[in-house]
Amino acid sequence: MKLKHILSYKDDSDLNAVVYGSSDIDIVGISNDSRNIRRGYIFAARKGVKVDSNIYIEEAISKGASAILTDNGETAKRLIGRNVAVVV
Numbered sequence: 052m053k054l055k056h057i058l059s060y061k062d063d064s065d066l067n068a069v070v071y072g073s074s075d076i077d078i079v080g081i082s083n084d085s086r087n088i089r090r091g092y093i094f095a096a097r098k099g100v101k102v103d104s105n106i107y108i109e110e111a112i113s114k115g116a117s118a119i120l121t122d123n124g125e126t127a128k129r130l131i132g133r134n135v136a137v138v139v
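Start counting the sequence shown at 52; every next residue gets the next number (the numbering used here).
Keep in mind the hints are simulated off the structure, nothing from the lab.
Be aware that one or more of the hints could be misleading.
[As the list claims (entries may be wrong)] Derived DEER-like restraints, expressed as beta-carbon distance ranges:
id, residue 1, residue 2, range
1, Ile81, Ile106, 26 to 32 Å
2, Gly80, Ser59, 14 to 20 Å
3, Arg129, Ser73, 17 to 23 Å
4, Lys53, Val100, 31 to 37 Å
5, Val79, Glu110, 14 to 20 Å
6, Val100, Ile131, 17 to 23 Å
7, Lys53, Asp84, 21 to 27 Å
8, Val79, Ile131, 19 to 25 Å
9, Asp75, Lys101, 31 to 37 Å
10, Lys53, Ser82, 16 to 22 Å
11, Lys101, His56, 30 to 36 Å
[Unchecked claim] In the DMTMM-like style, the derived pairs of lysine to aspartate or glutamate whose C-alpha atoms are separated by at most 20 Å in a straight line are:
id, residue 1, residue 2
12, Lys101, Asp77
13, Lys101, Asp75
14, Lys128, Asp103
15, Lys101, Asp84
16, Lys114, Asp77
This structure is a prediction, so every number in the text was calculated from the model and none was measured.
Using N, Cα and C, we set each Cβ at its ideal position, and we do this for glycine too.
Produce the entire structure from the sequences given, and follow the hints as far as they go.
Below, the structure is given as structure tokens:
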């Protein structure tokens, strides 16, 4: 499924996602665990109670992540222009 189609699914909440890079890319899976990332996956980088998975973004990209989902603006800025879509 294309990233743009995934982002078009909304409930009643106001989803105002911004995409840097192409949203016309194929996505085959999603994970917030960098150990599970494969080519075509979205890596959901988020700050948890014990671990901030934003520190694993480079690992996820090296494993073939097609997109990074983050709410960290500084992280997003750092990734703009890389060979990965960034969803904030």
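(message) So if I understand the rule, the pair passes when the alpha-carbon distance is 20 Å or less; does Lys101 with Asp77 pass?
(response) Violated, at roughly 31 Å.
(message) Please verify whether Lys101 and Asp75 have alpha carbons no more than 20 Å apart.
(response) 34 Å, violated
(request) Please test the hint of 17 to 23 Å on the beta carbon pair from Val100 and Ile131. (result) For Ile131 against Val100, whose Cβ atoms are near 28 Å apart, the range 17 to 23 Å is violated.
(request) Determine whether the Cβ-Cβ distance between Lys53 and Asp84 falls within the hinted range of 21 to 27 Å. (result) At roughly 23 Å between Cβ atoms, Asp84 and Lys53 fall inside 21 to 27 Å, so the hint holds.
(request) Take a look at whether the Cβ-Cβ distance between Arg129 and Ser73 falls inside 17 to 23 Å. (result) 18 Å, holds
(message) Verify the CB-CB distance for Ile81 and Ile106 against the hinted window 26 to 32 Å.
(response) Violated, at about 19 Å.
(message) For the hint 19 to 25 Å, verify it against the beta carbon of Val79 and that of Ile131.
(response) Distance hint for Val79, Ile131 holds at roughly 23 Å.
(request) Go ahead and decide if the range 30 to 36 Å is satisfied by the Cβ distance of Lys101 to His56. (result) 33 Å, holds
(message) Between the alpha carbons of Lys101 and Asp84, is the straight-line distance 20 Å or under?
(response) 13 Å, holds
(message) Verify the CB-CB distance for Val79 and Glu110 against the hinted window 14 to 20 Å.
(response) Between Val79 and Glu110, where Cβ atoms are some 18 Å apart, the hint holds.
(request) May I ask you to test the hint 14 to 20 Å on the CB atoms belonging to Gly80 and Ser59? (result) 18 Å, holds
(request) Please work out if Lys114 and Asp77 have their alpha carbons no farther apart than 20 Å. (result) Status holds; Cα separation ~16 Å.
Checked against the numbered hints above, the structure breaks hints 1, 6, 12, 13 and satisfies the rest.
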